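**Student:** Keeping the supplied structure of chain A fixed, place chain B upon it in accordance with the hints.
These protein sequence lines are chains A and B, in that order.
For the first sequence, my numbering gives the first residue as 1, with consecutive numbering after it.
For the second sequence, my numbering gives the first residue as 1001, with consecutive numbering after it.
Calculated from the structure, these hints are not laboratory results.
Among the clues, some could well be false.
[As the list claims (entries may be wrong)] Derived contacts from chain B toward chain A, CB cut-off under 7 Å, selection only: (1) Leu1057; (2) Met1279; (3) Leu1290; (4) Gln1365.
[To be verified] Taking CB as the label site, the calculated pair distances span: (5) Leu33(A) <-> Gln1373(B): 39 to 45 Å; (6) Arg165(A) <-> Glu1371(B): 32 to 38 Å; (7) Pro1145(B) <-> Arg178(A): 56 to 62 Å.
Only a predicted model underlies this, so the values are computations on that prediction, with no experimental measurement involved.
Just so it is clear, CB atoms sit at the ideal spot from N, CA and C, and this is done for glycine as well.
Protein chains: 2
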Amino acid sequence: MSLWDGQLAYRPDTPAVAGITIANRGTLAKLLLSPGYHFGEAYAAGRITVDGDLSRLCEVVYRSYPEFGMLNRFWRRMQSLGKSSLSAARRNIHHHYDLGNEFYRRWLDDNMLYTCAYFRDPGMTLEEAQIAKMDHVCRKVRLMPGQTVVEAGCGWGGLALYMARKYGVRVRAYNISREQIEYARERAEHEGLSNRVEFIHDDWRTITGQYDAFVSVGMLEHVGIGNFRRLGEVIHRSLRKQGLGLLHTIGRNAAAPLDPWIERQIFPGACPPSLRQMMDIFETRQYSVLDVENIRLHYAETLRHWLERFLDNLDLFRDELDERFIRTWRLYLEGSVASFAAGTLQLFQVVFSHPENNHIPWTRQSLYAAEYQPALLADAIATGTPRSS
Amino acid sequence: MSLWDGQLAYRPDTPAVAGITIANRGTLAKLLLSPGYHFGEAYAAGRITVDGDLSRLCEVVYRSYPEFGMLNRFWRRMQSLGKSSLSAARRNIHHHYDLGNEFYRRWLDDNMLYTCAYFRDPGMTLEEAQIAKMDHVCRKVRLMPGQTVVEAGCGWGGLALYMARKYGVRVRAYNISREQIEYARERAEHEGLSNRVEFIHDDWRTITGQYDAFVSVGMLEHVGIGNFRRLGEVIHRSLRKQGLGLLHTIGRNAAAPLDPWIERQIFPGACPPSLRQMMDIFETRQYSVLDVENIRLHYAETLRHWLERFLDNLDLFRDELDERFIRTWRLYLEGSVASFAAGTLQLFQVVFSHPENNHIPWTRQSLYAAEYQPALLADAIATGTPRSS
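For reference, chain A alone in the conformation it holds in the complex (with noise of 0.2 Å):
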């Protein structure tokens, strides 16, 4: 680490990983007071530099020091569990989603999913593996053509157009950023899918109808703990008795607010929750938690190629943004890569269903075949009725 004036100031004993670069006394004075907001803050500025591999710095520090970022946890408590009204809602996801399709367009994938990848087989693209993940959830909740969906949070709509052309179903999706629902709908209209999925520009809160699965993926970390309740007892009244719903979440081991950084820059009012916060959306209603799967590594694996694209367009950014803009991103990304790696972040996929669902997969083993058959599953479920006795 070198401070202004070319001093050491400290050299650990591990090997090193990358050279950091202080630039004058007051970044270093605000650095020690508040570590986990100013260091993004001074590097999202230019007044500290990093030379080598940001990611890896950002995961040895994760690891030595899990409290890293905390000293701000006691104000921002409020916040990250709070009551995130409706309007508090659009204005949150309005920060983060609303930068322009263009943006995201540059480094996500093709179906401009951007939520944790599925790399099923080790070789996969991006591409391939955002594919991989919407199959896992469609099996997850065992999607049969004819049924119908309803999506909390469906981002671009890449979600819903898949599960209506590949897997049969009507889809009811809905988000509260403008941008992202004008170009799902858009989308649906250009593949000729508009009299199956239908995007509504309105919040969870507002969902009606009932339907045979509940799908979610991405957007519990912007629900707030405090509605988790209120997301049970949407789930209960639009989910059928024998349906199944997928909850697919970036959480935590146990309860604690989002880097404090992160949350102000990138994720206003954001929080992802230990699984034990998630039982409040379902211990309410008694709800069946099917199947809790971690997939972490896969979301350090798909941040990586989101970085490594991000990367590859900083001339073409450095056109249209400004350089604290883009620091500030790579910064989030560099440290999200690192947070999934050193295991301070989580990334559950749960599915559940109502308690007396007989109608529940018999066992995981359709999610690993290499054709999905749903019909065989209906089989299996027989077994449920009693035999004799």
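**Tutor:** Showing chain B alone in chain A's frame:
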């Protein structure tokens, strides 16, 4: 439903699944006062008789009245949430498991596994499904030859011996039931496995050493919620940082005590935990939950097999055991089929690891492959390290 004088007290709208006869006025009074406890008492004493399908009757009751048996909830709470001390633990376990190996041998499988089986293929026999369960558990913790395993609560030793024989590992297995441990040691001797499987007549709290896997199948129900943090500490000190652990337990969708009659007559001190309650085990040390599978319908099926064998042996039992004992056990088995079929009880298998462990399975594919190939998994693990940035 018939009363002692032949009056028909209640005729439900749904088609009858069984006829109930109540022998006298006192029985009815007690039943109304505390149905959850006195139904079992009166059935065991023959003061209530059931003509028809008892499991199905229980299932209908559980589905219609989930609060059935909850009147005794409060005075019992202290007990089931309670601090199951070492001496109380020994007393409780003795009550249930030292009934005599001969009794259990009559209706369990050849391996004497007294826990939920896994009917991987619907046509499996109980024997096959118990072997499939052991393989499922061994694959979930990715056993490899030469590794070491600690098992907390090993029953009659079936799983410990299987792991050593089929997966080439060394096992230390703990149990506080003397009869079970003696049986297990004899079997190890007989199979020539005494040098690789050590059966220890002691409590899980006394586990020493470090192991590649921590496995516990069907013990957690007896541990007591108040001891979960302590169990987490035992896991933390005995599971290697790159190891995997598995807990297999009866559970609940939300916290509730066990049926009061079953807790008193069958499993003193037992309490099936909710997932929220189980988080006490993992959260203190920030352990990662990697995989949760709920296979409750497999337990309904397992219990149907046990019940069938139990009923096949009724005449033999009548020579050796008193009628009240036989009726008690019959009701317990029939009621348990109903609880798992109705969804009032769950069966969770939870896989977990140290938070920084990146030697975790990349996907769950290997659980469902025709041949178990742990070697292949090692390649995928390499993906956990950053590739470029």
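**Student:** Answer holds if the nearest beta-carbon of chain A is closer than 7 Å to that of leucine 1290(B); otherwise answer violated.
**Tutor:** With a minimum Cβ separation of about 5 Å from chain A (threshold 7 Å), the hint on leucine 1290(B) holds.
**Student:** Can we keep the leucine 1057(B) interface hint, with Cβ of chain A closer than 7 Å?
**Tutor:** violated, 10 Å
**Student:** Holds or violated: is the Cβ of methionine 1279(B) closer than 7 Å to a Cβ in chain A?
**Tutor:** holds, 4 Å
**Student:** Verify the CB-CB distance for leucine 33(A) and glutamine 1373(B) against the hinted window 39 to 45 Å.
**Tutor:** violated, 52 Å
**Student:** May I ask you to test the interface hint for glutamine 1365(B) with respect to chain A, counting a Cβ-Cβ separation under 7 Å as satisfied?
**Tutor:** Interface hint status for glutamine 1365(B): holds (5 Å vs cutoff 7 Å).
**Student:** Holds or violated: 32 to 38 Å for the Cβ distance of arginine 165(A) and glutamate 1371(B)?
**Tutor:** Given a distance of about 35 Å, which is inside 32 to 38 Å, the answer is holds.
**Student:** Could you say whether the range 56 to 62 Å given as a hint is met by the Cβ separation of proline 1145(B) and arginine 178(A)?
**Tutor:** Distance hint for proline 1145(B), arginine 178(A) holds at roughly 58 Å.
Hints 1 and 5 from the earlier list are contradicted by this structure; the remaining hints agree with it.
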